[in-house]
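Sequence lines, in order, name chains A and B. Mapping of the first sequence onto the working numbering: position 125 corresponds to residue 125, and the numbering continues sequentially without gaps. Just so we're on the same page, the working numbering is the position in the second sequence counted from 1, plus 250.
No wet-lab data here; the hints were simulated from the structure. The structure displayed is predicted, hence computed values, not measured ones. Errors might be hidden in some of the hints.
As the list claims (entries may be wrong) - The list that follows gives simulated cross-link-like pairs (lysine to aspartate or glutamate, EDC-like), each with its CA atoms no further than 16 Å apart:
id : chain 1 : residue 1 : chain 2 : residue 2
1  : A       : K50       : B       : D677
2  : A       : K100      : B       : E509
3  : B       : K572      : B       : E667
4  : A       : K100      : A       : E119
5  : A       : K94       : B       : D692
6  : B       : K595      : B       : D692
For reference, the chains in residue letters:
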Amino acid sequence: MLEVKDLHVTIEDKVILKGLNLTINAGEVHAIMGPNGAGKSTLSAVIAGKDGYEVTQGTILFEGQDVLEMEIEERARAGLLLGFQYPIEIPGVKNIYLLKAALNAQRAARGEGEIPAPEFMKLVREKSAEMKMDPSFLQRAVNEGFSGGEKKRNEILQMLILQPKLAMLDEIDSGLDIDAMKVVADGVNSLRNADRAILLVTHYQRLLNHIVPDHVHVLVDGRIVKSGGKELALELEDRGYDWVLEESVA
Amino acid sequence: MASEEMEQLVRREYKQGFVTDIESDTVPPGLDESTIAFISQKKGEPEWMLEWRLEAYHQWLKMTPPSWAHLEYPPIDYQAISYFSAPKKPEDRPQSLDEVDPKLLETYEKLGIPLHERAALAGVAVDAVFDSVSVTTTFKEKLHEAGVIFCSISEAIREYPELVRQYLGTVVPQADNYFAALNSAVFTDGSFVYVPEGVKCPMELSTYFRINAANTGQFERTLVICDKRAQVSYLEGCTAPQRDENQLHAAVVELVALEDAYIKYSTVQNWYPGDEDGKGGIYNFVTKRGDCRGDRSRISWTQVETGSAITWKYPSCMLRGKESVGEFYSVAVTNGRQQADTGTKMIHIGENTRSTIVAKGIAAGRSDQAYRGLVKIGPRAKGARNYTQCDSLLIGDQCGAHTFPYQEIGNSTATVEHEATTSKIADDQLFYCRARGIGEEDAVSMIVNGFCKDVFQELPMEFAVEAEALLNVTLEGSVG
């Protein structure tokens, strides 16, 4: 589904990714772990198309399409969706309005008409109940005055409604208490199916107790230096990152 | 010059007679007493009106155009403007929409302007279009039953001279400013509204001001009077772009609210802004002022300004009556080479008067805009309160926004709050929306409409919907 090959990325002349390779197949959950500053968030941001990153080498293919040639919105409509670590506030724009515009943009790209209002309302109510969000959230401005946990739940709500093929979740666990983490994890787990892949970017192992990954990758200094199964995450929890680095240098 | 001397002078010159041929439908470009007399005679005005105009003219001659605004434009040649023109003859107009600029029609389409109105706006020969003469006001009957007078100012001068004489120029005096003086001398038409004591006007009053003939200055004069406990909502303008060649527009609007009266005045202004280089756009120099004359009266200005090459406009409130309330809600959008210097004045005179200012400025392209607001609290305005919020949003990096707040606080019991923000349309907001699959232009209009929401919700419903559509069309192509 997603194939990242030899990816080199710089931000303002600073080299962040130095030849990253990653293959994700449908139905898989991948976790990218690593110390701060290793380039974890850069990877998902580049895949989503954020400005300010320069790809100096390498390719990203999504279902055979060259992602780097696509506009930001085209990537999203194709099913590549990024859940933000710090979702931005958009004053005056209702949450429900953003959801509807996003869903209809996606439908239009597929050649479908706009979703009928009753169908949309039913969908939104159902999914926000799953995320334990009060319906009043839908009428509030996007992320404005939301607590950290509410913002993260809102990100997952968008995923549940937009049903991406590849959901990329950047530090979705940061700033969450244990109850909110559980709700978010349940939401993510409900996204899991044979046709969909999930890419989790996280600093801590604790999220992976709730969302159990098929593959764990350790990203250090711009490269994936070690890959393994879910037990790798536990080992990292015990031993930290230094040993991986030493092993990779040796 | 003392007013007595002035009057003599006026009379003497008047006696010399005016030579302009009144059979003609237009006057040649230029301005002198004979032009004014021509206009006055054409309108069938009483003598006091002519004298009033001439007084204004003589004041104007002694004044100089204001230069304090944050605007740049070449000096205007007032002698090159024609000050009166009758409606164009139908045969001189486009005969059907097929003859109209397709781009203009496309814009009407996007704005959802009804078909029959498109023709009128594009200047096609249909009955309802006039130049310098008010569009015939419909619903007159219904208003008549309620006792509301809604007619052209010319008609009011003829039919209700006492009312006009009592109020005209009492809010914006003849020599208030350069453009107001010019307007007082040469105004050709505009609207007059009188809502009698205790009457709530049964419908929203609207009028479309249009400029059609080339090189004709437009000098509208509007006077709205709300008697005790009366209420009216007045809509001015039109969301459709109105084309014209380099025209000066210097309107004056006067509002008078007596005890417990409420006037809501909403404007959507979309004059032709000129081409990409700003050529050919309308110069809009407007004086709008409301007088909360009675206790507990309330005047509310709501405006959406998107057009004009140059906008110079400060709808204001004189809060004289005790506990009177003044409000100003504004969205100003500039794109291309547009310049706008706009804002408001809230003059607190009476006790416990209150005012609210919410101004939203959006600058895109290479445009430049300024918010200029004065809050003045007089020594007798005990307990007066003002809340001001002005926010600017920049789209791109070639535009500018400036805020000039002025405060004059004359007593210690007043409460004045001011909040101001300037933000660039956040790349992060744009990225967030686009990363959800929303196209760039849709994302911009979503963010901008969200930014303007506080003001749009003050507009009458159908105007609010039109205003949103207008904003989207105005900002088209401003990103990417």
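Against the structure, the hints:
no.	hint	in the structure
1	A/K50 to B/D677	holds (9 Å)
2	A/K100 to B/E509	violated (47 Å)
3	B/K572 to B/E667	violated (20 Å)
4	A/K100 to A/E119	holds (11 Å)
5	A/K94 to B/D692	holds (15 Å)
6	B/K595 to B/D692	violated (35 Å)
The structure fails hints 2, 3, 6 (numbered hints given earlier, in ascending order).
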